[in-house]
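Protein chains: 2
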Amino acid sequence: MLGNFSYHNPTKLYFGKGAVSYLAEELPKYGKNVQLIYGSGSIKKNGIYDSVVAALKACGKNIVEDGGVMPNPTVEKLREGVDIARRNGVDLLLAVGGGSCCDYAKAVSVSVHCGEDPWDKYYLRFEEPECEIVPVGCVLTMAGTGSEMNGGAVITNHAQKLKIGHVFGDEVMPKFSILDPTYTFSLPKRQMAAGIYDIFSHICEQYFSGEDDNTSDYIAEALMKSVIKSSLDAMEDPENYEARSNIMWTATWALNTLIAKGKTTDWMVHMLGQAAGAYTDATHGMTLAAVSLPYYRYICPYGLPKFARFAKEVWGVSGAGKTDAQIAEEGLRAMENWMRSLGLAMSLSELGATVDMAEGIADATLILDGGYKALTRDEIVQIIKQSM
Amino acid sequence: MLGNFSYHNPTKLYFGKGAVSYLAEELPKYGKNVQLIYGSGSIKKNGIYDSVVAALKACGKNIVEDGGVMPNPTVEKLREGVDIARRNGVDLLLAVGGGSCCDYAKAVSVSVHCGEDPWDKYYLRFEEPECEIVPVGCVLTMAGTGSEMNGGAVITNHAQKLKIGHVFGDEVMPKFSILDPTYTFSLPKRQMAAGIYDIFSHICEQYFSGEDDNTSDYIAEALMKSVIKSSLDAMEDPENYEARSNIMWTATWALNTLIAKGKTTDWMVHMLGQAAGAYTDATHGMTLAAVSLPYYRYICPYGLPKFARFAKEVWGVSGAGKTDAQIAEEGLRAMENWMRSLGLAMSLSELGATVDMAEGIADATLILDGGYKALTRDEIVQIIKQSM
Chain Y
51 MLGNFSYHNP TKLYFGKGAV SYLAEELPKY GKNVQLIYGS GSIKKNGIYD SVVAALKACG
111 KNIVEDGGVM PNPTVEKLRE GVDIARRNGV DLLLAVGGGS CCDYAKAVSV SVHCGEDPWD
171 KYYLRFEEPE CEIVPVGCVL TMAGTGSEMN GGAVITNHAQ KLKIGHVFGD EVMPKFSILD
231 PTYTFSLPKR QMAAGIYDIF SHICEQYFSG EDDNTSDYIA EALMKSVIKS SLDAMEDPEN
291 YEARSNIMWT ATWALNTLIA KGKTTDWMVH MLGQAAGAYT DATHGMTLAA VSLPYYRYIC
351 PYGLPKFARF AKEVWGVSGA GKTDAQIAEE GLRAMENWMR SLGLAMSLSE LGATVDMAEG
411 IADATLILDG GYKALTRDEI VQIIKQSM
Chain W
51 MLGNFSYHNP TKLYFGKGAV SYLAEELPKY GKNVQLIYGS GSIKKNGIYD SVVAALKACG
111 KNIVEDGGVM PNPTVEKLRE GVDIARRNGV DLLLAVGGGS CCDYAKAVSV SVHCGEDPWD
171 KYYLRFEEPE CEIVPVGCVL TMAGTGSEMN GGAVITNHAQ KLKIGHVFGD EVMPKFSILD
231 PTYTFSLPKR QMAAGIYDIF SHICEQYFSG EDDNTSDYIA EALMKSVIKS SLDAMEDPEN
291 YEARSNIMWT ATWALNTLIA KGKTTDWMVH MLGQAAGAYT DATHGMTLAA VSLPYYRYIC
351 PYGLPKFARF AKEVWGVSGA GKTDAQIAEE GLRAMENWMR SLGLAMSLSE LGATVDMAEG
411 IADATLILDG GYKALTRDEI VQIIKQSM
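Same order as they appear, the protein sequences are chains Y and W. Here the working numbering is used: the first residue of the first sequence is 51, the next is one more, and so on. Here the working numbering is used: the first residue of the second sequence is 51, the next is one more, and so on.
Just chain Y, same shape as in the assembly (with noise of 0.2 angstroms):
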């Protein structure tokens, strides 16, 4: 923990089956009139929007409906939900859903009360919020992630082809979130996949940057190998209770703020695959898991000694008799076995972008230099067509 940094995380979670139930604890400490938010309307066959609506109207409270949220949330979507809240004196934003209704629920939170366009404030000027900030809450439906404990929030605008995520301070954290791993039982076995590798990608993308002895690294190696036995026991059974709940819990842990403390991160691989979710409009971990190995391969004999760590220490690679490349390069192998039994896209082509749209990928990544290596331009073309 070479590194100053503050701590704190207030959002109070809700776990388990039946959590919802606790929205009966919750409802009452916000006002009367409440912003639902919810996609593409998959939980009005599932039960959980009568859940919702049930205990909303246990609580006395006035339903202001707002469905219809895009996986990748748009501008013009949350132009549209700062318009909805305003309207109606909307005293709490609750988010039902996966990553993007809560994502989209935050920028609705900051955009309300804001006197600009937050498009132009927020994504383009990364300015923070000095105006009230309506509450959220959150009753989660996806595992991946993380955005029910913590202030990101990724909004996409197609007319510029750009898809910017902007992390808000504690004060815009979902002031509570419920967790209920059956709720997620249902999701198609490609989107779980597509959260559990989000998860995954959000762990890396800590861990890979850095060469001090820091524990948060010990705690991203656990939360690593928590997910990788819990992706495989939900692969073969997705009413594994017991695995779902693992995967849902180290979702929230990988990227709630914890695991970066006190040391430096990378998050190049969430900048090529937003650029390419930009073009392609791609479930947003299935980008990740089309250009990750080419960027770690890569990069690797720039941190070759965490490369090494990582195989040793996550996939249980043996160190006997091998160089820290060999080693490395097994456990990226690892890696890819394991990625390839989740059914994930390898490839950006898979996932519909075409060679041409390499160099506008490109122009689209925004470019970090918290990791082992500071990428060039060309650089970031040729891992992009590698990726293709």
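No lab work stands behind these hints, which were simulated from the structure alone. Predicted model only: the values in this text are computed from it and were never measured. One thing to keep in mind: the hints can contain errors.
Given that identical chains are not distinguished, each listed pair holds provided it fits within a single copy or across any two copies.
[As the list claims (entries may be wrong)] Within a straight-line C-alpha distance of at most 20 angstroms, the following computed EDC-like cross-link-like pairs (lysine to aspartate or glutamate) qualify:
(1) Lys67 / Glu386
(2) Lys279 / Glu363
(3) Lys356 / Glu292
(4) Lys311 / Glu221
(5) Lys275 / Glu409
(6) Lys372 / Glu409
(7) Lys79 / Asp220
(8) Lys275 / Asp263
(9) Lys435 / Glu286
(10) Lys435 / Glu126
(11) Lys171 / Glu182
(12) Lys275 / Glu363
(13) Lys67 / Asp262
(14) Lys67 / Asp263
(15) Lys356 / Glu261
(16) Lys279 / Asp262
(17) Lys279 / Asp263
The hints should help you fit chain W onto chain Y, whose structure is shown.
Then chain W, alone, in the frame of chain Y:
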């Protein structure tokens, strides 16, 4: 994560060299009268007292002195602290010290406005506070108890020969804690070792329970591995900042409720150690060290798979061609070697206990049933005798 649970930890942490400067950010949130709680006065020698007093004065606070908190805070001292707080209309209890000062501050916090004797209410009847709670802040000078980010408060009653911990809810947790690893540099090695073992024992107590595959156990292993590595580095060079910072951080996360989430826990080593502590007044971490191996060797056959996992995952014991019992004992031997290298007490006799105390210590031991074997009183006596 088979069990249902809620998670909420509102304590704000400021971590790193010079973190005391963040008092300037926190103090203005509270009223004028601050009860300054500390121990034997070593903070007056190393400059920490001066830094804190300067910060308090800069914020225009009235300082109400409350020094002399002993290593195992007594019920008499608690009553004295409550009296000081009442007489001075205290707005904030600021503990500057280790776990004892912080535990004591929390015990005072729930007792100032409580209509009856706190020992009876909170420690004999284990009731929860219904009264107003005075906020607590903490400037940590010793790593070990985790008291800086939890609701625990252990108080000793010598007349009744009882040392009892009450874990209060999140409203009693410190509002903020300042964690500067350099504050721990000047601690004598024996006290450092006791703190390190306290951390390790907190993790073990939550780990050695349950048979499910639980993310919390993976995190527990990570914390154990990090503290083992850093303890050896810190014993070699007490001013190794990296090691001391990892130790300080693992201490916080070992006992802030995270690694107990969704699982059962044991806590018998603490029950045994605290009972022995009430008889000997020995350092907390040392009493835990003295009873640990006799206890773990006794229950090992009842939780063999977990002890074998502990040996392999935490101590790197190879499993090839061995029975689980052999693997488990190899792990406990590795733990024993590590404990000896830290100079920990390996028996209660070293701490002043005598065999004639065994029955009394057993009577003072609260018997819990979350571990791999619910012990009878006879078994407790046997383990205490083996610890002599």
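Evaluated hints:
1. Lys67 / Glu386: neither (33 angstroms within a copy, 41 angstroms between copies)
2. Lys279 / Glu363: both (14 angstroms within a copy, 14 angstroms between copies)
3. Lys356 / Glu292: between (30 angstroms within a copy, 17 angstroms between copies)
4. Lys311 / Glu221: within (18 angstroms within a copy, 25 angstroms between copies)
5. Lys275 / Glu409: Neither, since 36 angstroms and 44 angstroms both go past 20 angstroms.
6. Lys372 / Glu409: neither (38 angstroms within a copy, 56 angstroms between copies)
7. Lys79 / Asp220: both (19 angstroms within a copy, 17 angstroms between copies)
8. Lys275 / Asp263: both (19 angstroms within a copy, 11 angstroms between copies)
9. Lys435 / Glu286: Close neither inside one copy (33 angstroms) nor across copies (49 angstroms); limit 20 angstroms.
10. Lys435 / Glu126: neither (31 angstroms within a copy, 72 angstroms between copies)
11. Lys171 / Glu182: within (15 angstroms within a copy, 42 angstroms between copies)
12. Lys275 / Glu363: both (9 angstroms within a copy, 11 angstroms between copies)
13. Lys67 / Asp262: between (40 angstroms within a copy, 17 angstroms between copies)
14. Lys67 / Asp263: Between copies only: 17 angstroms across chains, 38 angstroms inside a chain, cut-off 20 angstroms.
15. Lys356 / Glu261: within (8 angstroms within a copy, 32 angstroms between copies)
16. Lys279 / Asp262: So Lys279 and Asp262 pass the 20 angstroms test across copies only (13 angstroms; inside, 27 angstroms).
17. Lys279 / Asp263: between (25 angstroms within a copy, 9 angstroms between copies)
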